[in-house]
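Chemist: Protein chains in written order, with the working numbering: chain A, 1 to 177; chain B, 1 to 788.
These aren't lab readings, by the way, just hints derived from the structure by calculation. In this text the structure is predicted, and so the values were computed from the model without any measurement. Misleading hints may appear alongside valid ones.
[Claimed, not checked] Distance condition first, Cα-Cα at most 27 Å in a straight line; then the derived DSS-like pairs of lysine-lysine:
(1) B:18 with A:49
(2) A:109 with B:567
(3) A:109 with B:345
(4) B:16 with A:169
(5) A:169 with B:403
Here's the letter readout for the chains.
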Amino acid sequence: MTSLYDEVSPAPAADVPTKRVTINVNGEARTVDVEPRLLLAHLLRQGLKLTGTHTGCDTTSCGTCTVLFDGRPVKSCTMLAVQADGHEVETVEGMSSASELHPVQEGFKQEHGLQCGYCTPGMMLAAKALLERNPDPTEDEVRWALSGNLCRCTGYQNIVKSVLWAAQKMRGQNPEA
Amino acid sequence: MTATTETPSALGRPIKRKEDARLLHGQTNWTDNIQLPGTVHMAILRSPYAHAKITKLDVSPAKNHANVVNAFGAAELGDLNGSIPCVWPVTDDIVMPAFPALAPDTVRQVGDCVAVVLATNPQSAVDALEDIVVQYEPLPVVIDMEKAIAPGATPVHADAGTNVCYVYNLGGGYEEVKAKADVVVKRRFINQRLIPAFMEPRSVVAAPMGMSDEITVWSATQIPHVLRVLLALVTGIPENNLRVVAPDVGGGFGGKLQCYREEVLVVNLARKLGRPVKWTETRSEDMLATHHGRDQIQDIEIAATKDGKLLGLNVELIANMGAYLQIITPGIPLLGMFMYPAIYKMEAYNFKCTGVFTNTTPTDAYRGAGRPEATYAIERIIDELAAELGMDPLALREKNWIKHEEFPYTTVSGLTYDTGNYEAATAKALDLFGYDELRAEQKRRRDSNEPVQLGIGISTFTEMCGLAPSRTLGALKYVAGGWEHCTIRVLPTGKVELITGTSPHGQGHETAWSQIASSILGVPVEDIEVVHSDTGRAPYGMDTYGSRSLAVGGRAIKLAAERLIEKARVIAAHQLECSPADLEFVNGVFQVKGDASKQQPLGAVAFEAFTAHNLPDGVEPTLQGEATVDPDDFSYPHGTHLAAIEVDTETGKVRVRTYVAVDDVGIQVNPMIVEGQVHGGLAQGIAQALYEGAFYDEDGQPLNATLSTYLIPAAPDLPSFITGQTVTPSTTHPLGTKGVGEAGTIASTPAIINGVVDALRHLGVTEVAMPATPMTVWKTIQAAKGGK
Numbered sequence: 001m002t003s004l005y006d007e008v009s010p011a012p013a014a015d016v017p018t019k020r021v022t023i024n025v026n027g028e029a030r031t032v033d034v035e036p037r038l039l040l041a042h043l044l045r046q047g048l049k050l051t052g053t054h055t056g057c058d059t060t061s062c063g064t065c066t067v068l069f070d071g072r073p074v075k076s077c078t079m080l081a082v083q084a085d086g087h088e089v090e091t092v093e094g095m096s097s098a099s100e101l102h103p104v105q106e107g108f109k110q111e112h113g114l115q116c117g118y119c120t121p122g123m124m125l126a127a128k129a130l131l132e133r134n135p136d137p138t139e140d141e142v143r144w145a146l147s148g149n150l151c152r153c154t155g156y157q158n159i160v161k162s163v164l165w166a167a168q169k170m171r172g173q174n175p176e177a
Numbered sequence: 001m002t003a004t005t006e007t008p009s010a011l012g013r014p015i016k017r018k019e020d021a022r023l024l025h026g027q028t029n030w031t032d033n034i035q036l037p038g039t040v041h042m043a044i045l046r047s048p049y050a051h052a053k054i055t056k057l058d059v060s061p062a063k064n065h066a067n068v069v070n071a072f073g074a075a076e077l078g079d080l081n082g083s084i085p086c087v088w089p090v091t092d093d094i095v096m097p098a099f100p101a102l103a104p105d106t107v108r109q110v111g112d113c114v115a116v117v118l119a120t121n122p123q124s125a126v127d128a129l130e131d132i133v134v135q136y137e138p139l140p141v142v143i144d145m146e147k148a149i150a151p152g153a154t155p156v157h158a159d160a161g162t163n164v165c166y167v168y169n170l171g172g173g174y175e176e177v178k179a180k181a182d183v184v185v186k187r188r189f190i191n192q193r194l195i196p197a198f199m200e201p202r203s204v205v206a207a208p209m210g211m212s213d214e215i216t217v218w219s220a221t222q223i224p225h226v227l228r229v230l231l232a233l234v235t236g237i238p239e240n241n242l243r244v245v246a247p248d249v250g251g252g253f254g255g256k257l258q259c260y261r262e263e264v265l266v267v268n269l270a271r272k273l274g275r276p277v278k279w280t281e282t283r284s285e286d287m288l289a290t291h292h293g294r295d296q297i298q299d300i301e302i303a304a305t306k307d308g309k310l311l312g313l314n315v316e317l318i319a320n321m322g323a324y325l326q327i328i329t330p331g332i333p334l335l336g337m338f339m340y341p342a343i344y345k346m347e348a349y350n351f352k353c354t355g356v357f358t359n360t361t362p363t364d365a366y367r368g369a370g371r372p373e374a375t376y377a378i379e380r381i382i383d384e385l386a387a388e389l390g391m392d393p394l395a396l397r398e399k400n401w402i403k404h405e406e407f408p409y410t411t412v413s414g415l416t417y418d419t420g421n422y423e424a425a426t427a428k429a430l431d432l433f434g435y436d437e438l439r440a441e442q443k444r445r446r447d448s449n450e451p452v453q454l455g456i457g458i459s460t461f462t463e464m465c466g467l468a469p470s471r472t473l474g475a476l477k478y479v480a481g482g483w484e485h486c487t488i489r490v491l492p493t494g495k496v497e498l499i500t501g502t503s504p505h506g507q508g509h510e511t512a513w514s515q516i517a518s519s520i521l522g523v524p525v526e527d528i529e530v531v532h533s534d535t536g537r538a539p540y541g542m543d544t545y546g547s548r549s550l551a552v553g554g555r556a557i558k559l560a561a562e563r564l565i566e567k568a569r570v571i572a573a574h575q576l577e578c579s580p581a582d583l584e585f586v587n588g589v590f591q592v593k594g595d596a597s598k599q600q601p602l603g604a605v606a607f608e609a610f611t612a613h614n615l616p617d618g619v620e621p622t623l624q625g626e627a628t629v630d631p632d633d634f635s636y637p638h639g640t641h642l643a644a645i646e647v648d649t650e651t652g653k654v655r656v657r658t659y660v661a662v663d664d665v666g667i668q669v670n671p672m673i674v675e676g677q678v679h680g681g682l683a684q685g686i687a688q689a690l691y692e693g694a695f696y697d698e699d700g701q702p703l704n705a706t707l708s709t710y711l712i713p714a715a716p717d718l719p720s721f722i723t724g725q726t727v728t729p730s731t732t733h734p735l736g737t738k739g740v741g742e743a744g745t746i747a748s749t750p751a752i753i754n755g756v757v758d759a760l761r762h763l764g765v766t767e768v769a770m771p772a773t774p775m776t777v778w779k780t781i782q783a784a785k786g787g788k
């Protein structure tokens, strides 16, 4: 059992309530005591030290905090940690195995789908969710599936190519062909 | 061993980026990831008013809040309330108001810093802001620039007595050439305010490091080296006790080219409290407190003969400084000043800029910084002149642009462009675009009065980047040089450390710099480690902005590598018992000319230099090369961009159907990275044309200072671009390269708006305001109809 406050900073004042939650994060059950108002994104970043999940706005607009929640992409800055109690969360740290990149990660590298990399984890998780429900998307479908994730560096073109590269790879085709 | 043969150089190849692995795994080191033991977190009370007197401020109730360590207003901070620097006093009589980090008595913009709370966790610091007692007495607000400089306007800075920051003049002779012109076209363009909106919010951590007097500062900044100097000057901390690190930085676009209030506060409070202090902005703070860009009123007039020969150009700008001067706020319009004449030959050019204070967020560098504004104005008015003359806009451009055989060419504004080939870039773009077919389709749609009209937008641009020759900067009163540094070390194990003064934040310097060094040293790209963005490990540099990193930093890399080879050659010759002149250096190996059996690889030379057991007399141990170089001139990339724009005349909706960008950035180190830079630049330039604009109401309240209301384009809002290239090597750069970081942004805004206007010109439309949203375009169409 981990207390968020042991890991990050002193305990909250005595009058601040906490709630114990258990969340399956990247395949591992994590039990933590959290303030009810704590956002899932902040739990991941500060409490669980999974800093691959980013925060970029406070209006649910940018998508840099995107994680998979029971397999669906959600913006973890707009979900309370207590809402994740009993659910599965996948972050960028859970995408690849020790030896192998996920095809989406590989696609982003092959097609130069990232520059500064700040939007990248959220983009990749949104793309992974898309390809799991639609293995052969059109360019337009990729663009719309990623429309909740902002990128300021790439102009999106290479991100789209990266996702289409991954789709081919996941369908067993050679993306370089 | 057999004789080595030349292997392909790493230069010019689309090598996958070294940077990607850690970014793809989420194993990054953003400033906000840093969690040091004992950290206190800063939260800032910001002004909700655009202009007000602070009549009461009591921070003491906040100190009673759980987990709060301390709280400060300007009075409590005293001498630690540092003054924020401006390093570009553009004229002798410029008004440079005081800019304390915490406002002592008057707030001048929404988001001005009033007080800070420090607590042992971030949420307690934010909670305790509520306990601060503050009262304001609102003052009259100035937002509109023309009203700000009209008689009787309330000055933003009362003691200045005026809202005119400076007036700058350049050139002359326009009135004389205007007198002989057949045609004169005058327009007013509004280059609206933009927000940089890099994806990683700003963050800063400062920590006294215990064992010494050193304070280490981690900041999400583009300019760790410049920031160190400025923090030393502002805080009084000896510069040699300050170490500034820019860890992974998530984009900047000029917005992180700054010495911010929050950086000064965090450093001073870490020193005062003797423990680490951290602050990470929310996006809502970012949109108020990170400097903005653009925001100019441009009155531009062009004079020509009836057959379309340009005679002269007159430009009068009113440029919004915002409420305070930040690092190079006043100089931004002057970076555009030289570029209004662009690629065109003419006899006279007059320029005047009036810098104006208003109760808004300060402006400063944003991707292109002055040059997008200039390029927008000239490329727009060329189209207007073409319409007035009844000429094809491309033909008018061609008639007046500098011919490729005329380079080097000194323009009417005094710049000397080293090379260019506008004919070749335009021919390539036309080829990719299908100009004649689209003109035919345009005519067909006009003739049949279709609801969706087609327009063709043209932008034949050049820009000056690669900031910059130090003497030129000095002549412009910029208080710094424009040089760059590189040290290359071959370590005893043969691995290479390349220490650069550039500070990447997404550009891919680690890969590209390795390619340059690899091509000279013959060492594999993967054996080169690029060290950057840490004044402790990379002590000298002028950082990354203004498309300068390759244009200036690339020179230093090349020279440092060449110097290293020359030192190694002397050592290798000693080892191989020959004269240095008898050695050739191929693929990282010295070998005696004509005797391939006698050779020594660079790594072995490095080991000899390390042991120093057998070095020639007078040769110092260790193998390294250093260079600090000042560029001879700016860099002048150019290109031709063409946009096919569909405008739905019934709804005002604009669609970019085809976008062709042919850019000439000279020799390309990594074409994959070049294309990525162009794509990203296009997105930001198109965003200014169609989507983005930061607006205030008359009380100075920001109307769209969140990412849900400030429209950064998402993937469905942009097309796939068709990119092409011509390669005209720079003759002033030893690698033949030019800058690329800003080109797409500079070129694309006028291409889009020219296309929108072209689609609607037959309806009587001659101008569309930016951003050209459906509402704006629809209203413009209605007004043109009503005016007939």
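Chemist: What are the numbers of the hints that this structure violates, sorted from low to high?
Modeler: 2, 3, 5
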